[in-house]
Structures are given as C-alpha cells and as structure tokens.
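A.B. asks: Top to bottom, those sequences are chains A and B.
Residue numbers for the first sequence follow our numbering, so the first one is 1 and each next one is one higher.
Residue numbers for the second sequence follow our numbering, so the first one is 1001 and each next one is one higher.
Accuracy of the hints is not assured; some may be wrong.
Below are the BS3-like pairs computed for lysine-lysine, each with C-alpha atoms no more than 25 Å apart in a straight line [as the list claims (entries may be wrong)]:
1. Lys47(A) x Lys23(A)
2. Lys1106(B) x Lys127(A)
3. Lys1018(B) x Lys1028(B)
4. Lys23(A) x Lys127(A)
5. Lys1018(B) x Lys81(A)
6. Lys1028(B) x Lys23(A)
7. Lys125(A) x Lys23(A)
8. Lys47(A) x Lys125(A)
9. Lys80(A) x Lys1023(B)
10. Lys47(A) x Lys127(A)
11. Lys81(A) x Lys1028(B)
12. Lys80(A) x Lys1106(B)
Chain B is nowhere near these chain A residues, computed Cβ spacing over 12 Å in every case [as the list claims (entries may be wrong)]:
13. Asp11
14. Gln111
15. Pro141
Pairwise CB distance ranges, derived in the manner of DEER restraints [stated by the list, open to error]:
16. Ile107(A) x Gly1127(B): 28 to 34 Å
17. Glu1044(B) x Gly52(A): 41 to 47 Å
18. Gly52(A) x Lys1018(B): 38 to 44 Å
19. Asp1124(B) x Gly52(A): 25 to 31 Å
20. Arg1007(B) x Pro75(A): 22 to 28 Å
21. Thr24(A) x Asp1061(B): 22 to 28 Å
22. Gly1048(B) x Glu48(A): 46 to 52 Å
23. Arg5(A) x Gln1107(B): 44 to 50 Å
24. Glu8(A) x Glu1069(B): 46 to 52 Å
25. Val1093(B) x Val95(A): 36 to 42 Å
26. Leu140(A) x Glu1083(B): 22 to 28 Å
Please keep in mind that the hints were generated in silico from the structure rather than gathered at the bench.
Because the structure is a prediction, the values reported are computed rather than measured.
All C-beta atoms, glycine included, are put in the ideal place defined by N, C-alpha and C.
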Amino acid sequence: MADIRRFEVGDALGPLVKPPVTKTQLVMYSGASGDFNPIHTVDEFAKEAGLGGVIAHGMLTMAFVGQLLKDTAGPNGTLKKFGVRFVEMVRPGDVIVCEGRVTGVEIQDDQQVVTCEVWAAIDGKGKNAVTGQAVFTAPLPA
Amino acid sequence: MSLEAYRACIGRASEPVKNEVEKGAIRKFAAAIGDPDPRYRDEEAAGGRLLAPPTFSRTFDYGRVPGLELPRAGLIHASQEFEYFRPIHSGDVLYCQTRLADVFEKQGRLGRMIFLVFEMEARDTDGNPVVRQTSTVICREAEA
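Required output: the full structure, derived from the provided sequences and hints.
C.D. replies: This is the structure:
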C-alpha cells in the first residue's frame, strides 16, 4: 500500500510533467472524445480560422490536471469537484507541467477534505494553459 | 443565431440520452491522455470494472437542446466544471442530459462574443446523479 499522505495548507501538488503534446495525440484525443472539430487536427483548417495551426483540445489539458489530482488523492481518495478556466492555447510540441497548492484541509467522517488550486503551465512560455480549483477527499493517516 | 435567438433557448433541455460506458472507450481515452494508471486498463487492477478518468464524462452524448444551432468551428471552450457524486466504471449505464442555463454577451479582444453556459448531468438507471458539469463556451461567429 502507498503511504497515506497528511495534507497541510500550502502543500505543493505535483509537478506532473507530461511528454510534449503531439499531433498524433490530438488525433487520438479527437477519436477518444468524439470532438472532431478540425481546428485540432487539420493544419490548413486551423490556419484558415486564424489560429496559425492546430491547437490542442482544452479538455486534453484538463485531463492532464485530472491525472495529477487523481494521483495526488491516491487509490483510496475521491475527487469531488474540479473546475478550470482555459486561458491559453496549447500547441503540438508544448510540454505541459501540472501543479497545485493546497488551500484548505478539513476533517469530515475520518477523511481529509482537501481544497486546492491547480494550474497547467506551458513549459518555457511563462504562461498557464489552464487555471482552476478542486476538492478531493483522502483517508486520514493512522 | 443572434443573441436574442440564443436567449430564447435558455432553460431548454435535451431529451436524456442513454450512454453505455465501454471498456474500450476508457482504454482509448486513457491512451490519448497518456495516463498509465492500470485501473483504466486492467479489470483486476481496478478491482472488478475499469475506472473512468475524471474528465471522461465530458465525452458522453448529452443530446441536443431543441432549437439551438451551434456554429461548427466557431466555439471556444472557456471553462469547465465537474461535480462528482460517485466514480464511473465500465458497464455503467447513464442517462445524460444538457440544459442551456445562461447566455450572455461580452466585449472581448476579438470583438463581441456570446457566452453559452450549459449544465450537463449524468444519472444512473435509478435516477441518482453521478456527475454534474457546467460548461461555458464562446461563440465567435460574426453577427451583423
């Protein structure tokens, strides 16, 4: 069993550093999500739309942050709430770094209820692709 | 559609759509997002049925709001929220519905933009909520 973590306000979550986003990944995500908007897969179309080339689905970046939250909560933890704003476009080649910070911890029914802020930075660009917040529960350490 | 035409659709909801959560769909989604969690792939690791990733429920079919026409390529996802009532597993049968909750206009860098706020819900076969979502999208469609 993994060690059960005691969360404190100010704790850092992550970083989760994802491999560079690829065009193949955008095709895979289009298929897996059913979002076939060609701005994510067809360069000519995306250029015509004034985007300069294909951009990643916002929901792909949100899924990366979801991975961080799920791994942080642990196998016996449960995600309760998760919300983000999409603030910057992600392009093929971008490395997404997901991080967070604990902003509140309450104990309810022998569980830690952890509130946190989360973000996904585009490595080397000094910008966040998404920012948001989440609430998860995790067991109390013995 | 004009702002007024969008606003006329506020409060309207789709007919609930039956969605069956498939193992293959979870595995393909996990591969696409690059999450190696064995609970998304291996039923033994998942303790029975595969677990679905936290944002997987966005891929369900929620149906169409009657009378609402969305521009095919002019939509930008502005924000997304999930409220979870229980985890989703392969084999779940969920009834999914979307409602246009709000429409408003803002002046942005790119000119006049119309924001559409959708509330989406998935319920189990007993009618219990499984996940609720709020999804805000921006229509960038040029309007006269």
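A.B. asks: Would you mind marking each hint as holding or not holding in the structure?
C.D. replies: Now the hints, each set against the structure:
As the CA atoms of Lys47(A) and Lys23(A) are separated by approximately 15 Å, the hinted pair is consistent with the 25 Å bound. The suggested pairing of Lys1106(B) with Lys127(A) holds, with an alpha-carbon distance near 24 Å, which does not exceed 25 Å. Among the hinted pairs, Lys1018(B) with Lys1028(B) is consistent with the structure: their alpha-carbon atoms are about 20 Å apart, no more than 25 Å. Distance restraint check for Lys23(A) and Lys127(A): the Cα-Cα separation of roughly 21 Å lies within the 25 Å cut-off, and the hinted pair is therefore satisfied.
Straight-line distance between C-alpha atoms of Lys1018(B) and Lys81(A) comes to about 24 Å, which keeps the hinted pair within the 25 Å bound. Straight-line distance between C-alpha atoms of Lys1028(B) and Lys23(A) comes to about 16 Å, which keeps the hinted pair within the 25 Å bound. Restraint check: the Cα-Cα separation between Lys125(A) and Lys23(A) comes to about 19 Å, which is no more than 25 Å; the hinted pair holds. At roughly 21 Å between alpha-carbon atoms, Lys47(A) and Lys125(A) fall within 25 Å of each other, so this suggested pair holds.
For the hint linking Lys80(A) to Lys1023(B), the alpha-carbon distance of about 23 Å falls within 25 Å, and the restraint holds. Restraint check for Lys47(A) and Lys127(A): the C-alpha separation of about 22 Å stays at or below 25 Å, so the hint holds. Taking the CA atoms of Lys81(A) and Lys1028(B), the gap is near 24 Å; set against the 25 Å cutoff, the hint holds. In summary, the hint linking Lys80(A) to Lys1106(B) is not supported, as the alpha carbons are separated by about 31 Å, beyond the 25 Å threshold.
The Cβ of Asp11(A) lies farther than 12 Å from every Cβ of chain B, with a closest approach of about 20 Å, so its non-interface assignment holds. In this structure Gln111(A) is separated from chain B by more than 12 Å, as the shortest Cβ-Cβ distance comes to about 14 Å. No beta-carbon of chain B is positioned within 12 Å of the beta-carbon of Pro141(A); the least distance is around 22 Å. Range check, Ile107(A) to Gly1127(B): Cβ separation about 32 Å, and the 28 to 34 Å hint holds.
Between Glu1044(B) and Gly52(A) the beta carbon distance is about 46 Å. The supplied range of 41 to 47 Å therefore holds. For the pair Gly52(A) and Lys1018(B), the beta carbons lie near 40 Å from each other, so the given range of 38 to 44 Å is met. For the pair Asp1124(B) and Gly52(A), the supplied restraint of 25 to 31 Å is violated, since their beta-carbon distance comes to about 43 Å. Separated by about 46 Å at the C-beta atoms, Arg1007(B) and Pro75(A) break the suggested range of 22 to 28 Å.
In this structure the hint that Thr24(A) and Asp1061(B) lie 22 to 28 Å apart at CB holds, the actual value being about 25 Å. Between Gly1048(B) and Glu48(A), the C-beta spacing of about 48 Å keeps the proposed range 46 to 52 Å intact. Look at Arg5(A) against Gln1107(B): about 45 Å separates their beta carbons, and that is inside 44 to 50 Å. One distance hint, 46 to 52 Å for the beta-carbon pair Glu8(A) and Glu1069(B), holds here, with the actual separation near 50 Å.
A beta carbon spacing of about 38 Å between Val1093(B) and Val95(A) agrees with the range 36 to 42 Å that was offered as a hint. Distance hint check for Leu140(A) and Glu1083(B): the Cβ-Cβ separation is about 23 Å, which falls inside the suggested range of 22 to 28 Å.
Hint check: violations occur at hints 12, 19 and 20; the rest are consistent with the structure.
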